[in-house]
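Enquirer: What follows is each chain in one-letter form.
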Amino acid sequence: MHDVRVEVTPRLDGQAVDVRGNVVKARLLQDLNLNVARVRSICGFVVRSPMDAATLGERVDDLFVDPIIETGLLGSAWLGDSTQFPDAPDLVITIGFKPGVTDNAGSAALDGLRTLFPEARVEGAGVSTDLTFAFYGLPADADGHAIAASLHNPLIERALIQTGPGPDGWNLLGYPERPAVEAQPPATVDLEVDDETLIRLSEDGLLALNLEEMQTIRDHYRDPAVQASRTALGLPPHAPTDVELECLAQTWSEHCKHKIFAAHIHHRDEETGEDVEIDSLFKTHIMRPTLDMQEEMPWLLSVFHDNSGVIAWDDEWSVCMKAETHNSPSALDPYGGAMTGIVGVNRDILGTGLGARPIANTDVFCFGPPNWEGDLPSNLFHPSRVLRGVHAGVRVGGNESGIPTVNGAIVFDDRYIGKPLVYCGTVGLMPATLPDGRPGHAKTAEPGDLVYMVGGRIGADGIHGATFSSLELTEDSPSSAVQIGDPITQKKMLDMILEARDAGLIASITDNGAGGISSSIGEMAEQTGGVEIDLAAAPLKQVGLSAWEILVSESQERMTVAVHPEHAEAFEAMAAVHEVEATVVATFTDDGRFLVRHGEDVVALLPLEFLHDGVPQLRLESVWSPPTHPAFVPPQHVDHTALLLRLLGRPNVASKEDWVRQYDHEVIAQTAVKPFVGVERDGPADAAVIAPVHGSSRGLVVSNGIVPRYADIDAGAMVVAAVDEAVRNAVCVGVDVDRMAGLDNFCWPDPIVSEKTPDGRFKLAQLVRANRELERMCRAYRVPCVSGKDSMKNDYGTGADKISIPPTMLFSLFGDHPDVRMTATSDLKRAGERLYLFGRCRQELGASEVASMLTESGEAEGIGGTVPAMDDPEAQREAYAALSGEIAAGRIRTAHDCSEGGLGVALAEMCIGGRRGAMIDLDGLGLDGADTFGQLWGESLGRIVIGVEAMHEAEVCNALEEHGLTLIGLVVKGDRLVVEDGFDALIDVAVDDMVEAWKAPLALPVGGER
Amino acid sequence: MKTVRVAVLFGFGINCDHETAAVFRLVGAEADRLHVNRLIESPDLLSSYDILAIPGGFSFGDHLGSGRLLGNRLRFALRDPLRDFVANGGPVIGICNGFQVLVKTGLLPGPPAGGDTTPDFEQRASLAMNESGRYEDRWVTLEFDPESACVWTQGLTRIDCPVRHGEGRFVVEDESVLDEMDAAHQLVVRYVDPATPKGEGRTDERLPYPTSPNGSARNIAGVCDATGLVFGLMPHPEAIYAKWLHPDHTRYTAPEAEASVPVDERSLGEWEGEGLQMFRNAVEHVRNRSS
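So the sequences go chain by chain: L and R. The first sequence maps to residues 1 to 1010 in my numbering. The second sequence maps to residues 1 to 291 in my numbering.
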């Protein structure tokens, strides 16, 4: 093998521009306040193949160099070439990947190399990539290491920093060489030890199993029947192999088994004196209500047991949705972590039923404040860096996969510095019935089916993701838990699998996520009652993986597919056309065993029942006493205009347009209400509306609700607000309220009382209250939860430095829309349009955005007070049904909900979207107890501002009056928003000033220049 | 009436294959999503189609420059069938990533007008990174050269549709190439300021970001080859196949929904979007040619 270096740099002549260099220049100015005169970039490639430089010759230009704008060099460094680099740069930084990290550009280059040179089609050939930046006009005091630190993540990348050439010229990064590793034969783990040793075994091995679970495993091997069956297969009779222990740790992890939601809880309420036992929050408050509703909702096709929940949409199509979190990996490597998050949840959809096509993504992020100036624990990134990395990861993952990002949110709070939350959701579309007559949503695996691993290969990356995410983040968190997604490998696999589905070749399918094939095949084996796996058959990225590593590795872009033997040939032929690797790694049986071989040797034998149902139920303590906060008292003399402009600039309220616009939100040509609406297409949309079947205007609504602030007063109120917000947003676009389904995604700090978590009982009580309110709201709104997820260890560090996130639940909603042509958007439309407030204003300012803002600035004592509540959700549902009906009938074109910043901010956003002013009079809004401040800035739930044309006014008022409808003003020809309270002008502001206040804070610099 | 058959390529990260096939079906053609490798397996397959479409997407992740790797596959494995397809009068469209592929293979802009215009697979232009330094999804306004021979754009004056790319800045080695292309009416589509009167928006003067979203020379959004058969553009006309996809459709710019007839797969009625005509043009061109 030869290593040949190829370098490509933008040409200095013609119309070429070094955009990469310009982007870095702009970023250094923004991030480090460093003004560099010029930055030039060089893309480097190391081609490892049987060919030397002479053989590669000029043809290599066909692959690497764009002749119009670039120039390439074979075998040496551009920096040493005086034609392209006549002046010596002040600083040179080269960044490349560490060994073993996914290099997508390198893989693509290898693919391209093999198109040109068939001789490169050999094992061991590869291409690595790196990027060099040359800095000119660097300020004298600039720190090269600080610049390098801002340009790379040392967890996954290497950086070479140079201020001048060495004796042999400029140094270059070589091919990232993996140190040779030898596979270890399976070891036997002796569990007949004292309890302390059991715990140490779990901790040292990153198994995340508690003492009782370790003891349960030990006891399993004391069973004489178990011992006999093990002896017969040549396994150690009295103790597990490391393969078995790792497999159990993955399967029993909090991540996979949701042990806290399944726990037996003793709950006490110190306020009311309540003292009860709860057998599983999940079964009691999430599953039971949905199953009850399912009796009246035949359109709920598949709930809870598959990778996502499926509902019927029309006669031909069913839809499904799933949302996942990818918090811990995103904390360590925001880019890679978020990308694997989005492509991972796409696979959940692909693995639903017999395979669904992902058609829309939603992204909701929670970060520390982007302008944070306080201290940071040493191994945490600044929130702005996390934002940029996560955003880039989701952008690349979603855009390259061809899935539009249609809806989302970004929430900021100091406590997310410890752990960012990265929620990725995906909606899928599947045929109701396949051409062969099978329903699309049901799996049909049988004993004897071949189990294929399809897509990427297994590597050392992503080992222990499931168990790691079940632990708190520390300085020692392993880098192997971080991966970078490979959207193109996944896209090829997706194309192939959907073709195989339609050809009737798939009997069952699931994705490989947490726990790798130990989880995916282990779970699928329940469909037939057993499986026999051969790890030696699994294709590997590199040699040297031990059996347990192959079993639990979470390497990305893999699906597990069951195929009837008679379809195997057709399935493999299809995989070959799509250039997708598909390998038989197991066979389904019905003998109740999870049997794993590595070639000739049996390395694991676990009864399926023990694997899946053997984990002991946790018993947890929960004690509620309400937290106390100083009451929020609005300042005496308020300049409401100034307050509005300040609120518009709050990161939680401000426009995220420059970020969101980098997501493709309309690939597939279906998005009828996009993230941005209005004259300049920069007003906020409440919910996404898509028409996924081309040529039909039948639609689907996707929305989200998330309000973590309220949990500071009551986590129950937080959930109520989230559910209401998701439904409210969907109502704003005219959803069919009889056809909505929801997803609950809980992210909590560790709620198990321990030395590390002395307040665990309180945090668990927050979870209890949250679940009870979730049930109350879902039953009343008739929104069944069809799928959900929880992430229960969102803490950083221990002791005094511990940072716990605020308890956070994201509620995602998808529902029917009868006809996307009849929908509403938030932008004001025409002068003369009459504006009404639908819903009632109560004095609810506790934990509001305005209370947080004024408390942070010292203008108020605290955020305490009445948090927004929903006392009569049944009545609210009736109200929503009436309003949504009017929108879907085409009589209302303008609607926007009141959320952060209340009515005041909602009106401002509507003016911004329409670039129109409005005359508003609050007179009449005080009937339900809110004073002027509360009417304007309070966050009472259930409120929507609507605009009605004169021709529809009578009809609309007639339909909505009984649900609380107050005329508040009208749209004017001018460009000012004027709000009065009957006598005094409270707000008088130009629309352009609101635009500026709202759009400037999170705007991005435009990177390029000539 | 002749059945017009359209091959819509997919695979390796092409993303817009479903909607591109759908819009051809909406204008009465028969459209097959055809995997690149199936075509490479049986190159003769191409001659059984009347129209070739290369949709948008991120083929091979746009690594090594957008469209380059897929372009190389086509150039090396399908050179002769592609040349024959164009030489025999088959219309070809490349949208977004498809345009990038056509430019990197040399099918666009192709040999200069006036000489032998048979494809020679020589790259003469490129689509470089947006000057903004970022990928963006935003709606733009386009105008067409009314004198162009491009079979795809006949009768079109102005449409709105989205751009969704990070590498869309059309560049050539030398301004004279643009002069020649302009003279031959190959600079078919330009970004224009929506505030200009309809039909008067086209200009050579560089428009500011984001009116021109990427900094293209002369605000070029798309070009055709000398024959007018091969056409590529960065914006997505298929993304405005129906009026409900326009961001303004709730702003009284679309027909009153209650008065309009329900749509079905064969006719969108008055809810047809302005992008569809481009695909109908090519289908009708094939029909007229064969009748």
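Warning: the hint list may mix true and false statements.
Reference listing, derived: stretches of chain R covered by chain L, where coverage requires no fewer than 3 residues with Cβ under 8 Å from a Cβ of chain L [said to hold, decoys possible]: (1) 47-56; (2) 129-141.
So the derived label-pair ranges between C-beta atoms look like this [unchecked claim]: (3) Ser384(L) - Arg138(R): 54 to 60 Å; (4) Asp436(L) - Leu45(R): 25 to 31 Å; (5) Gly269(R) - Gly974(L): 35 to 41 Å; (6) Met951(L) - Asp193(R): 46 to 52 Å; (7) Asp204(R) - Asn958(L): 56 to 62 Å.
Honestly, the hints are just simulated from the structure, not real lab data. In this text, a Cβ means the ideal position worked out from N, Cα and C, and glycines have one as well.
Enquirer: Are the hints correct? Go through all of them and say.
Expert: Results for each hint:
| no. | hint | in the structure |
| --- | --- | --- |
| 1 | 47-56 | violated (count 1) |
| 2 | 129-141 | holds (count 11) |
| 3 | Ser384(L) - Arg138(R): 54 to 60 Å | violated, 24 Å |
| 4 | Asp436(L) - Leu45(R): 25 to 31 Å | holds, 26 Å |
| 5 | Gly269(R) - Gly974(L): 35 to 41 Å | holds, 38 Å |
| 6 | Met951(L) - Asp193(R): 46 to 52 Å | violated, 34 Å |
| 7 | Asp204(R) - Asn958(L): 56 to 62 Å | holds, 57 Å |
Violated hints, listed in ascending order, are 1, 3, 6; each of the other numbered hints is respected by the structure.
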